[in-house]
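Chains as they are written, first to last, in the working numbering: chain A, 2 to 597; chain B, 2 to 597.
For the record, the hints were derived by calculation from the structure and aren't laboratory data. Every residue gets a Cβ at the ideal spot worked out from N, C-alpha and C, and that includes glycine. Some hints could be false.
[To be verified] Take a look, some chain B residues computed to stay more than 12 Å from chain A by CB distance:
no., residue
1, A55
2, E146
3, E551
[Unchecked claim] Derived DSSO-like pairs: lysine-lysine, alpha-carbon spacing no greater than 27 Å straight-line:
no., chain 1, residue 1, chain 2, residue 2
4, B, K48, A, K508
5, B, K81, B, K247
6, B, K510, A, K338
7, B, K510, B, K226
8, A, K338, B, K508
9, B, K226, A, K338
10, A, K546, A, K510
11, A, K226, A, K48
12, B, K81, B, K48
13, B, K148, B, K48
14, B, K338, A, K226
15, B, K508, A, K510
[Unchecked claim] Here are some of the chain B residues that sit facing chain A, going by a computed Cβ distance under 10 Å:
no., residue
16, P56
17, A60
18, Q64
19, V88
20, A171
21, E290
22, M349
23, Q414
24, I446
2 protein chains.
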Amino acid sequence: MIDYAAPLRDMHFILGELAGQDAISALPGFEEASPDVVEAILDEAGKFAAGVLAPINVAGDLQGCRLEADGRVITPEGWKAAWDQYVEAGWIGLSLAPEFGGQGLPKLVSTPVWEMWFSTNMAFTMLPQLNVSQAEALQIAASDELKQTWLHKVVSGEWGSTMNLTEPQAGSDLAATRARAEPAADGSYRVFGQKIFISYGEHELTSNIVHLVLARLPDAPAGVKGLSLFLVPKYLLDAEGNPGAKNDVRCISIEHKMGIHGSPTCTMSYGDAGGAIGWLVGEPNRGLETMFIMMNEARFGVGVQGAGLAERAYQFALGYARDRVQGRDAITGEAGKPILHHPDVKRMLMSMRARVMAMRALLYTAAGWFDFAHHHPDAVVAGRARRYVDLLMPVAKGWCTEVGQQLCSDAIQVFGGMGFVEETGIAQFARDARIITIYEGTTGIQANDLVGRKILREGGETLFELITELRATVAELRADPTLGAIADGLAENIAALNGTTHWLLAKGKDQLAEVLAGAVPFLHLLGTVCGSWQMARLALAARRKVAAGEGDASYNASLVELARFYMGTFAPQAAAHAATVRDAGEALLAFDPAAF
Amino acid sequence: MIDYAAPLRDMHFILGELAGQDAISALPGFEEASPDVVEAILDEAGKFAAGVLAPINVAGDLQGCRLEADGRVITPEGWKAAWDQYVEAGWIGLSLAPEFGGQGLPKLVSTPVWEMWFSTNMAFTMLPQLNVSQAEALQIAASDELKQTWLHKVVSGEWGSTMNLTEPQAGSDLAATRARAEPAADGSYRVFGQKIFISYGEHELTSNIVHLVLARLPDAPAGVKGLSLFLVPKYLLDAEGNPGAKNDVRCISIEHKMGIHGSPTCTMSYGDAGGAIGWLVGEPNRGLETMFIMMNEARFGVGVQGAGLAERAYQFALGYARDRVQGRDAITGEAGKPILHHPDVKRMLMSMRARVMAMRALLYTAAGWFDFAHHHPDAVVAGRARRYVDLLMPVAKGWCTEVGQQLCSDAIQVFGGMGFVEETGIAQFARDARIITIYEGTTGIQANDLVGRKILREGGETLFELITELRATVAELRADPTLGAIADGLAENIAALNGTTHWLLAKGKDQLAEVLAGAVPFLHLLGTVCGSWQMARLALAARRKVAAGEGDASYNASLVELARFYMGTFAPQAAAHAATVRDAGEALLAFDPAAF
């Protein structure tokens, strides 16, 4: 087992140089997020991640969860103690509203903290992630009474949270939802139905669990416009507001999964004994909108999972490559050196480090936009940031999960045969990571969202705005002759993206099926180009620091080499994705499905 | 669980149209491999795979193997009965020498049979695969006495086989081997040492196990030129040639792995009680050469594992996509259709089918070359086939395993959340497949072999010979105007390959580290181009059949669309790999490893 070391230097570099930390801490409401405070928070989080979450990650995988005959779900050893410490430290409220007990810090600050949690224990971290997503949704949509009753203890972590969307016949297609809710005389509702794939649907880590459940009112229209959202607690509250009588909801089975064994994935049954008592959150038939607040929050978080798992897998592989002695130097014939010195092992590790940095830079930059969007006093700045966040949310989720997942599998390769042996610990990351391109909307769903809602619907306006920004980065690169190769790489990427976007808009008018057949390759194209852009910005920032004599010169130089390596290794894939978007759809449509 | 259906139509098409079945059955010694016989064999193998091996594959994964306190290794339920049936049917000897009980059929015929075994139960099939590899090695290298004593029962499967190379400090680097052997007065040897990662090192499926063990003689030179090969049985033979006294070899632990749970991976200890009795195979200090006969055979087999696992994963995904109803048609808004109708799901399935066909075509073609190399009376034809086999062996292993592994992971994506649930059965394929890019030489090892031994050493001669052949295929494509896009795609691929090969040869003279840093991308480049070539040949053959009015017209048409799809989806990656070979190495070498 390789100890986790929080990548603080990389994090601070990206926060400060690429993601606008200074500007964000100057925004109204974020005055407390000074560099000192941010540094202290990341230091503490790094210690917590390494000291509390990492050590129980393996037990979580080995022991998994179990459902007892009495309906209790038992989480792995150490889970409860870690949760209590996590709650005690107040981590859940980091970026939530102070009004309900949160600390109101920027998303820019909470994002690296979440990255650390995901690096060290993704199965555990899914629970606080649900609390945060639920709190965001309740803050926006719930009535004051519901907020006052439930929100404080969701923010503190005294109670757990879930989101209940999926049913056996309603996976990606929520229109097929059958769960239903009947109004009761007292203004509450009785909820009935079965929900599957409910993470942390049942457990004993908290004294209550707050479920948010999508269901249909009796008079609801068909489809997604007939879905309402209900808050259904595991225990009803007594007169003092404490958990009292058990509500009519129970976990009837848990899944046996490829990974995230420490996170119980429950089938939940509501209303088997007369109806689970719940309350409407927001307006009737507009539940999906609220759920999407929660889901968008969660989607960004799943993108961060991609980067977090990838960082830790990279650390594992690097630790092994520095330690394991094998073979001879291909050039000098020298023996006794660690495998890191083999060119192909170094290539694997650089390809990991380059992708981690590209993902991280994109995610932190997006977190910064998120803060600008919500807090910048200048409506023009805030509006642009909001457009960028909306456009790139499917990329942050779709691309970072695809890349993160591939990277976790690549990390096994560095270990050779030892990587396939479970005790080494690296296989778990690949198994855990296999879910991230699926849940909270598959990559296909993200790609359709990107192409359909985010690009075609507005004629590509925001994407072209972003492309203008990318071109400005090329111009900056051109001013530094040592960055010529990076400038060329980014310029070629932009050309591929721009051309393909025009193709998309032209085809989107009357050949939508062909466009949708290329949606995932287009998402990969945009993700790759965004990665190139971020690596180019990283190189520019590193060169600025070199020129100013700031920081560690060899670290800064290594970032420039890393960016060049990205341009040689990953940027060329943009043209391949662009070709696929344009060239594969025709044959795909012509192919008779009966011939499969 | 989706039933396995042997892809006989695809297999026969490739055997007959691309891999030279007619020519091979006309070769001396292969007269019995008539089309009727081949068809009957594949039919039977398909039934055996579906009826015997597929049903126990899940139990193998769930139960795994266990080591008892008495040293016995217990294999999963059903393993023993399946093995007995397998032996009874004579499957092991299919392509082995009739002299020792084999059927002497062409490798072209045995390859699709092995593909079926791997599709349906890779963990099980690793055992007969070891028997075949060992038989090939013994046939070539062992003394007549050893052959007469051991070979018949290895070929029949009455006894099992292993290969013992790896030690804790000697993984990819066999020069570090420490196991040793001392000569005894009677001409036998006493073998001492520990070997790890020994597949089927211990089990009760057979009445004896024949281990081949790499070890050093007392006077052996250091390094790989001091390795000798020894045959060490689990049980010594009595006067009648039957297993008698237990030899001084035992399994001391088995691995807990990510996949292939049904295959026991043993740590073997030799000579704890005075020395394991063994016999020298071949000449002293030349054990590695013999082991490489075994390993090259096994490497090709592992490439077939890639295609076999991929075919079955594709069948799973296709079955689910045809069955699962979800969402609305993006164009018509129609509900109630299976997800196969979503453009992105169809894209995933086509990308699977296209890659399976490309891998299969390359592997069968290579199997055909193997037969020509060994049996063609014209030395020119045989020599060229031998050169192609040698050149492309690392591609058959490296590329087919990388592609097959990726495809098995992609198959999970089609299932969405259900794919992550173990009971669905698809996760097992991804877990099993994770080993294939590692064992029998990692992709990095294959790539170094390709670039170093197969290309640089001979100045690229065979590769340029192959490129000439590829260009001839472009010329053929040009003659059919409907194949223009395929011709263009292949021509671009060839240009990328040709240019990169020249770059490689130029750099290889004095910048070997930069070349080796690009070795794996080069392997992907050559694999991708070989795939394009095979798909182009597939399209040509399909068009020929259309013109001749042969076969199923819609099947033939679908193959042309599949080839076009490959050209749109995978062929464009060749240029990206070529760019990586050329552009990433400089930054990689400049990057200071201390900066990781």
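These are the hints, each one checked on the structure:
1. A55: holds (20 Å)
2. E146: At about 34 Å from chain A, B:E146 clears the 12 Å cut-off, so the statement holds.
3. E551: holds (17 Å)
4. B:K48 / A:K508: violated (47 Å)
5. B:K81 / B:K247: holds (21 Å)
6. B:K510 / A:K338: holds (24 Å)
7. B:K510 / B:K226: Satisfied, since the Cα-Cα distance of roughly 26 Å is no more than 27 Å.
8. A:K338 / B:K508: holds (24 Å)
9. B:K226 / A:K338: holds (21 Å)
10. A:K546 / A:K510: violated (47 Å)
11. A:K226 / A:K48: Distance of about 46 Å is beyond 27 Å: violated.
12. B:K81 / B:K48: Cα-Cα ~19 Å, so holds.
13. B:K148 / B:K48: violated (33 Å)
14. B:K338 / A:K226: holds (21 Å)
15. B:K508 / A:K510: At roughly 49 Å apart (the allowed maximum being 27 Å), A:K510 and B:K508 break the hint.
16. P56: violated (20 Å)
17. A60: violated (15 Å)
18. Q64: violated (14 Å)
19. V88: Status violated, d = 28 Å.
20. A171: OK, holds: B:A171 within 10 Å of chain A, min 8 Å.
21. E290: Since the shortest Cβ distance to chain A is 19 Å, the answer is violated.
22. M349: Given a least distance of 8 Å, the restraint on B:M349 holds.
23. Q414: holds (6 Å)
24. I446: Hint holds; B:I446 Cβ to chain A Cβ min 9 Å, cut 10 Å.
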